[in-house]
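Novice: Single-letter residue listing:
There are 2 protein chains.
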Amino acid sequence: MKRKPYIIGIDLGGTAIKTGIVSFSGKLFHHETNPTNASAGRKTVLKNIIAAVESTLTNSGITQKHIFGIGVGTPGLPNKNGTIITGAYNIPGWKGTPLGQVLRKKYHLPVRIENDVSAVTLGEATWGAGKGFKHIICITLGTGLGGGIIINKNLYRGESGYAGEFGHMVIAAGGEKCTSGVAGGFEAYSSAFAITRIAQEKTKGKRISSILKTALLPENHPQQVKMIFQAYQQGDRLAHSILQEFGYYLGIGIATLVNCFDPERVIISGGIAQSGQVLLSLMQPAYIAHLLPFHKKKKKIVLGKFDNRAGIIGAASLIMRQYTTP
Amino acid sequence: MKRKPYIIGIDLGGTAIKTGIVSFSGKLFHHETNPTNASAGRKTVLKNIIAAVESTLTNSGITQKHIFGIGVGTPGLPNKNGTIITGAYNIPGWKGTPLGQVLRKKYHLPVRIENDVSAVTLGEATWGAGKGFKHIICITLGTGLGGGIIINKNLYRGESGYAGEFGHMVIAAGGEKCTSGVAGGFEAYSSAFAITRIAQEKTKGKRISSILKTALLPENHPQQVKMIFQAYQQGDRLAHSILQEFGYYLGIGIATLVNCFDPERVIISGGIAQSGQVLLSLMQPAYIAHLLPFHKKKKKIVLGKFDNRAGIIGAASLIMRQYTTP
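Order-wise, the sequence lines are chains L and G.
With the first sequence counted from 1, adding 529 to any position gets you this note's numbering.
With the second sequence counted from 1, adding 529 to any position gets you this note's numbering.
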C-alpha cells in the first residue's frame, strides 16, 4: 500500500469555505477559498463543501489516494460522528446536519469534525504557538470572541462541549451586552463588534480624520477594524483612543484567564490577531495591572502562528491527532 | 499486619489547627480544634501541629498503629515533598517550612500536603458534593474567595500550581480592589471582606436597626457576616440590600465560571456557605441572567457537604486518593 502523506483541512465559515492540503508535520501545501452560500440552505452548503474538496484536489494536483483523512472545523457543536447538534448563527438550518456521514460516504476516508474554534486551538497546540506545552488557552478574536482550552495536551470540553466560551465571561458587571445577551461579557468589549461600538461612541459629534471617516463607512464594514488599526499606526488620535479602550478590556480579560487557569501559554488567534505585535502592546498595561503578582515574571501571551490559515491547519490537525501522539 | 483503617486530617489555619480522624469512606470519627499561634513563628506552629495530632490520638482513643497516613491542608503552596514554597498571609515566615519532612520524621507514616483550598476541593470531589463527577469547580467563600478545579477527576494545578485563583477574576473592570490589588476582582465583591465593605457603604449615615448595629460593632467582627445573614432572615431591610448586592456579584462570578468551564457541578464551600440555601437564593437571579442559554436548564450549583469540617476531611482525602481510585 502506498503512503498517504496528506490531510485535507476544511475551515467552514458563514461566508467562505477555506480548504487546504496539509502534511502530517503541519505544512500547508495548497489552499483555496470558495463560497459557502450559507443562506441557500443545508443541501447547498454540503454540495459546496464537496465542490471545494474536489477543487482543492484538482488545483493542488494531489490525488485522493494520497489523502489520509479529512478534518473539518465547523460553526456550532458537532458530536463524535460529526453530526451538528447545535445551531450555528452564521449557517441557517445547520443543526442536525450529518456532515461526518456525508463526507465518509463520499470519500471512504477517516473524517473528524470539530467546532471551528476548537479546531484552531488544536492546530496551534499541535503544530503552532502552543506546540510542546501541556496547558494552553487559545482565544479567537474576530467578529466575536471564542476560546479553547488545552489541559494535559487534550482539548477540555466540559460537561456538554461548551467549555471555553470566554466571550461570555463577565468582566464589566452591568455593562454592554454581548451577542448572547450576557451583560458585561468579554466579547462585548474585545472583538471586532466591540471595536465598532467603541468607534461609534468615541466619534459621535467629533471631528474625525478622513482615514477614520473612510474606515467607518458602512461599505467598508468588513475592513473596518483593519482600517482603524492602520489609522492608529498613522498616529490618528481618535483611533488611538478607540484601540486603547479595546486593549484595556482585552488585557483585563486575558489577565482573568491567566489568574484562573495558570496556563503555560495564552494564544491569540483570529482576524484581529493579524494586526500583530501592536495588539499585544495595546493590551499589555491592563494585562500586567490585573495579573496576580506571581504571574508577572513570565511571558505567556503569544500570537497564533497560522494567521488566516489557522482554521484549515487546525481542521487537518484533528486527523493527525487521531492517529499519532502530538 | 493489622489493618490501618484511619487517616489523620489536618486543616491548618492562621488562627486554629483543626484535626480529625477520618475513615477511608470519608466518615469523620473525631475532630478537635487547637490554637495555631501563628504570630509566634514557624517553630511554634510546627510544635502546635504535632501537639494537635497527639491530642487527637489521645482524645479519639485511636492509636497510631491504626493510622494509615496524615494529610494536611495548608495556607500557601506546598511542593510534592510538602515543603511550603510560597508565603502565606496568615502564617508569617511559613515559606520554606519542610512540613512534610517534619511529620514523616515524627510519625513514619505517609504524609501528603496540599494547599488548603485544593484540599477542600479534593475532599468534596472524593466524598462530598462532587462525588462521582468528572469536572468540578469548587469555590471557598470565607474572608477571601478561593477556588479549585477538578478536571477528569484530578486536581488541575496549572503551570505553577496557581490555577483556580477565582478571587482574582475581574468581574467589574475598574472597580474595587481585592487583597492582591486586582481592581474589580471577584473577591472584592463576594467574600466576608466584601460584605463588610458593602455594609459600611450602605449603612453610612443611615438609621440602622439595633440588630445590624450590633453586627457592625468592631468586637463582633468574626461573627459579622453571620449576624448580617441573621438580620436578613429577620426581615431587616438594610441587611437585605447588603446581601442582595453581594448575591448579585456572586451570581455573576459563578455564571462566568460555568460559561468558561462548563463543569458538571459548582460547589460552594467555606464559612459563608454555612448560611445554606439562602446563599443560593441570593445569587440565583444574577446567576441565571448571566448564564449562556444552553446552561440554563441544568442545576449545577450546590453547597459543600462538609461545612466547617471540609478542611479536615479534604486533608484526609489526600491520603485516600493517593492509595485508592476515588
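Careful, some of the hints might be misleading.
Intra- or inter-copy, both count: the list cannot distinguish identical chains.
Here are the simulated lysine to aspartate or glutamate pairs, EDC-like style, with alpha carbons at most 20 Å apart [claimed, not checked]:
| hint | residue 1 | residue 2 |
| --- | --- | --- |
| 1 | 660 | 688 |
| 2 | 829 | 688 |
| 3 | 533 | 583 |
| 4 | 735 | 793 |
| 5 | 660 | 765 |
| 6 | 755 | 836 |
| 7 | 826 | 688 |
| 8 | 826 | 730 |
| 9 | 828 | 688 |
| 10 | 825 | 688 |
Rather than coming from a laboratory, the hints here were simulated on the basis of the structure.
Novice: For residue 660 and residue 688, with the copy left unspecified, which applies at a CA distance of at most 20 Å: within, between, both, or neither?
Specialist: Between copies, since 15 Å is at most 20 Å while 26 Å is not.
Novice: Should residue 755 paired with residue 836 be assigned to within, between, both, or neither, using CA atoms and 20 Å as the limit?
Specialist: within (14 Å within a copy, 54 Å between copies)
Novice: Treating 20 Å as the Cα threshold, decide for residue 533 and residue 583: within, between, both or neither.
Specialist: within (17 Å within a copy, 68 Å between copies)
Novice: My question is about residue 826 and residue 688: at a cut-off of 20 Å on alpha-carbon distance, are they close within one copy, between copies, both, or neither?
Specialist: Between copies only: 13 Å across chains, 34 Å inside a chain, cut-off 20 Å.
Novice: State whether the alpha carbon distance between residue 660 and residue 765 is at most 20 Å within one copy, between copies, both, or neither.
Specialist: Close neither inside one copy (37 Å) nor across copies (57 Å); limit 20 Å.
Novice: If the cutoff is 20 Å on CA atoms, where do residue 826 and residue 730 land: within, between, both or neither? Let me know, please.
Specialist: neither (36 Å within a copy, 36 Å between copies)
Novice: If the cut is 20 Å between Cα atoms, do residue 825 and residue 688 qualify within a copy, between copies, both or neither?
Specialist: Close across copies (14 Å), not inside one copy (32 Å); limit 20 Å.
Novice: At most 20 Å between C-alpha atoms: does residue 735 with residue 793 qualify within a copy, between copies, both, or neither?
Specialist: neither (43 Å within a copy, 49 Å between copies)
Novice: How would you classify residue 828 and residue 688 at a CA-CA limit of 20 Å: within, between, both, or neither?
Specialist: This pair counts as between: shortest inter-copy Cα distance 13 Å, intra-copy 31 Å.
Novice: Give the relationship of residue 829 and residue 688 under a CA distance limit of 20 Å: within one copy only, between copies only, both, or neither.
Specialist: Classified as between; 11 Å across copies, 27 Å inside a copy.
Checked against the numbered hints above, the structure breaks hints 4, 5 and 8 and satisfies the rest.
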